[in-house]
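Asks: These are the residues of each chain, in order.
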Amino acid sequence: MDIVPKVLITKIGFDGHDRGSRVVAAFLRDAGMEVVYTPPWQEIPTVVKLATEEDVDVIGISSLATDHLIVPKLMAALREAGMGDVAVIVGGIVPDEDEQALREAGVARVFHPGSALDDIAAYIREVVPGIRRQRLAA
Amino acid sequence: MNKPLETRLVQDAEGEARWQAEYAAQIGQDKLVRNRSGVAVKPLYTPRDWNGERYEEALGWPGEPPYTRGIYATMHRGRTWTQRQLIGLGTPEDYNGRLRDMLAQGATAVSLIPCNSVFRGYDMDESHVELLGTCGTVVNTAGHMDSALAGVDLGKTSCALNDPSPFTLLAFMLATAKKRGTDWRTISGTSNQSDCISHFVANHMFFRIALQGARKILVDHIDYCNKYVPKWNPLSVVGQHMQQAGANPAEAMAFTLASAVQYGDDCVAHGMDPDEFLPRFTYFFDISVSFFEEVAKFRAGRRIWARITRERWGAKDPRSWRFKFHGQTSGVDLTRQQPLNNISRVTIQAMAGILGGLQSLHTDSYDEALSCPTEFGARIAVNTQNILREEAHLTDVIDPLGGSYYVEKLTDDMEAEILRLMKIVEDAGGMYAAVEKGIVQRMIGESAMKFQQAVESGEQTVVGVNAYQVKEDASARPALAKPDPARMQAHLAAFRSWKAQRSQDAVDKALANLAACANGAGNIFGAVVDAAEAGCTHGEICATLRRELGFGHPLVVV
Numbered sequence: 001m002d003i004v005p006k007v008l009i010t011k012i013g014f015d016g017h018d019r020g021s022r023v024v025a026a027f028l029r030d031a032g033m034e035v036v037y038t039p040p041w042q043e044i045p046t047v048v049k050l051a052t053e054e055d056v057d058v059i060g061i062s063s064l065a066t067d068h069l070i071v072p073k074l075m076a077a078l079r080e081a082g083m084g085d086v087a088v089i090v091g092g093i094v095p096d097e098d099e100q101a102l103r104e105a106g107v108a109r110v111f112h113p114g115s116a117l118d119d120i121a122a123y124i125r126e127v128v129p130g131i132r133r134q135r136l137a138a
Numbered sequence: 001m002n003k004p005l006e007t008r009l010v011q012d013a014e015g016e017a018r019w020q021a022e023y024a025a026q027i028g029q030d031k032l033v034r035n036r037s038g039v040a041v042k043p044l045y046t047p048r049d050w051n052g053e054r055y056e057e058a059l060g061w062p063g064e065p066p067y068t069r070g071i072y073a074t075m076h077r078g079r080t081w082t083q084r085q086l087i088g089l090g091t092p093e094d095y096n097g098r099l100r101d102m103l104a105q106g107a108t109a110v111s112l113i114p115c116n117s118v119f120r121g122y123d124m125d126e127s128h129v130e131l132l133g134t135c136g137t138v139v140n141t142a143g144h145m146d147s148a149l150a151g152v153d154l155g156k157t158s159c160a161l162n163d164p165s166p167f168t169l170l171a172f173m174l175a176t177a178k179k180r181g182t183d184w185r186t187i188s189g190t191s192n193q194s195d196c197i198s199h200f201v202a203n204h205m206f207f208r209i210a211l212q213g214a215r216k217i218l219v220d221h222i223d224y225c226n227k228y229v230p231k232w233n234p235l236s237v238v239g240q241h242m243q244q245a246g247a248n249p250a251e252a253m254a255f256t257l258a259s260a261v262q263y264g265d266d267c268v269a270h271g272m273d274p275d276e277f278l279p280r281f282t283y284f285f286d287i288s289v290s291f292f293e294e295v296a297k298f299r300a301g302r303r304i305w306a307r308i309t310r311e312r313w314g315a316k317d318p319r320s321w322r323f324k325f326h327g328q329t330s331g332v333d334l335t336r337q338q339p340l341n342n343i344s345r346v347t348i349q350a351m352a353g354i355l356g357g358l359q360s361l362h363t364d365s366y367d368e369a370l371s372c373p374t375e376f377g378a379r380i381a382v383n384t385q386n387i388l389r390e391e392a393h394l395t396d397v398i399d400p401l402g403g404s405y406y407v408e409k410l411t412d413d414m415e416a417e418i419l420r421l422m423k424i425v426e427d428a429g430g431m432y433a434a435v436e437k438g439i440v441q442r443m444i445g446e447s448a449m450k451f452q453q454a455v456e457s458g459e460q461t462v463v464g465v466n467a468y469q470v471k472e473d474a475s476a477r478p479a480l481a482k483p484d485p486a487r488m489q490a491h492l493a494a495f496r497s498w499k500a501q502r503s504q505d506a507v508d509k510a511l512a513n514l515a516a517c518a519n520g521a522g523n524i525f526g527a528v529v530d531a532a533e534a535g536c537t538h539g540e541i542c543a544t545l546r547r548e549l550g551f552g553h554p555l556v557v558v
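Residue numbers (the numbering used here), protein chains in the order written: chain E, 1 to 138; chain W, 1 to 558.
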């Protein structure tokens, strides 16, 4: 009866540094989640399409070099595609002053450098049942 | 006094046994300590680990092979390292302002980091406008380069360009030099990021040209620079990317040397003389906070390279044997928590690089785990170098750690580990084959995970992250540096109108010639330089080569 969260780990924008996304994806997979992983530089429509086709609960965006600035565009595209219930989490270097804007755009949570992998996994396990219930109700 | 060596060793053995008993009695259950590379480290090193017997063969003299003690006879006592800070933000004019400040503060060389849109091989009019200039300077044309380097004498100032295949930034710089009447033979500097293998494996900051296409361009680039820009270093083999992506120090050194072996073999196969291209090979490494391990990594790397250049290619010119490297303090070691602690970390990292014998150094700003570095952070990073160079007396003595029982034994042990890893790559058919099979990526991924797990289990302390945490006041953090959106908009508008006005005929001809050269009609980099002079943009040059040589994807293994 255990829910297996389905998570897409990706990078949008121009940066290629993918250590964080690789480590998080491998950890969540090893923790028993279903993980869809992409290399960096994905276009926003590609991410939306992948999230829809794979019916993911959570999208993890890794951003180390200001790519978080286009996450609001991703949020709008997800809502437009009827995927507004997906929890989008951002991990990496997000300055404090930009975090507020991301939260207002609908980002569920920002994980800064130094975050524990266990905390990321625990957060996903906590939010996914609610997302599933919401989808069943819809 | 002056007893024969054997008598001394017997006495040392007795002494060591005595100490060992005392040590065991006091410490109880001793735990095995390994460094980040997995090399076992003992609690004490003695003449039984290293007795200086093989001094000439293993260490030799500074400026002589095997260069363990340094590649120049005078090392930092003669000339200290080049202080080269990476900078790049905003428009070319924004960059130029910051550059002149840095030069006034004591930086002795120029570096240019382009915007990530440039790194993807795109022009500013085909990119997300929100991202333009946020992580580097938006340079798309020869004219942009001219503005970025206004007031800088290209014949006198060494420039490092973060510039993967097809090296459009260098092409823009050469076009600028020609326009200004600067003789190309006086231009010095380095094509950083020229190591296409490291981009395929690790940080993926390249212009999205397929690996084997980038390989072809690189060889042409080396050949062209050797002929026409002889003081330029066309190749910087990069260990930094792989270590930042998770490789441990021994892996980073091994994979870098294995890549250099491939590049050297390619140049020889292209008909170049090893003593022509090898003196212009340079290296770029990450320096972690694991102090002694990093020092040993660099000493071992020098020794191995001195052997490879002579044994593999029969190089005869001592300049071919010298392992010249730029070091950058590791950003991965820096923390967002209590960020001022990063100043201490950077100092330790920089010291490891300096005592490891580097030729050029970039010190990270303490605020890099928070945002792109602020000017305030960058100034502290520069002054950290000034303090190390001019206050700390680090440069008084050449290779001051040489002769330490520990450092010499660790250098030997790191060398053995590096050679073991190089053998794995060789058995896979060389670095290109090893990365195309994902072998290297898998090893780096495992090391990254191992390190993260050591941090999470508390086995590896990271101050402020898993130990000594405090409640922090976020308002104490520095204000963020961001390009001015109005200036960026003006830069974009100017680019669009310039493009509409240039000679389309010249552009079309140059791009057609570039396509022909990509298919064997001539030197590809030569055609890139011609295209830059003809007014082609970065995006156009990259798109042409992607079409002819293939679109580049990294091979990522999770």
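No wet-lab data here; the hints were simulated from the structure. One should not assume that every hint holds.
Each computed SDA-like pair below joins lysine to any residue, with the alpha-carbon atoms no more than 20 Å apart [what the hints assert, rightly or not]: (1) W/482 with E/101; (2) W/482 with E/98; (3) W/471 with E/80; (4) W/316 with W/272; (5) W/471 with E/119; (6) W/450 with E/113; (7) W/31 with W/457.
Quick look at which bits of chain W chain E covers, simulated, 3 or more residues with Cβ under 8 Å [claimed, not checked]: (8) 8 to 14; (9) 288 to 302.
For glycine and all other residues, C-beta sits at the position ideal for the given N, C-alpha and C.
Asks: Each of the hints needs a verdict: does it hold here or not?
Replies: How the hints compare with the structure:
{"no.": "1", "hint": "W/482 with E/101", "result": "15 Å, holds"}
{"no.": "2", "hint": "W/482 with E/98", "result": "12 Å, holds"}
{"no.": "3", "hint": "W/471 with E/80", "result": "40 Å, violated"}
{"no.": "4", "hint": "W/316 with W/272", "result": "14 Å, holds"}
{"no.": "5", "hint": "W/471 with E/119", "result": "18 Å, holds"}
{"no.": "6", "hint": "W/450 with E/113", "result": "17 Å, holds"}
{"no.": "7", "hint": "W/31 with W/457", "result": "16 Å, holds"}
{"no.": "8", "hint": "8 to 14", "result": "violated (count 0)"}
{"no.": "9", "hint": "288 to 302", "result": "violated (count 0)"}
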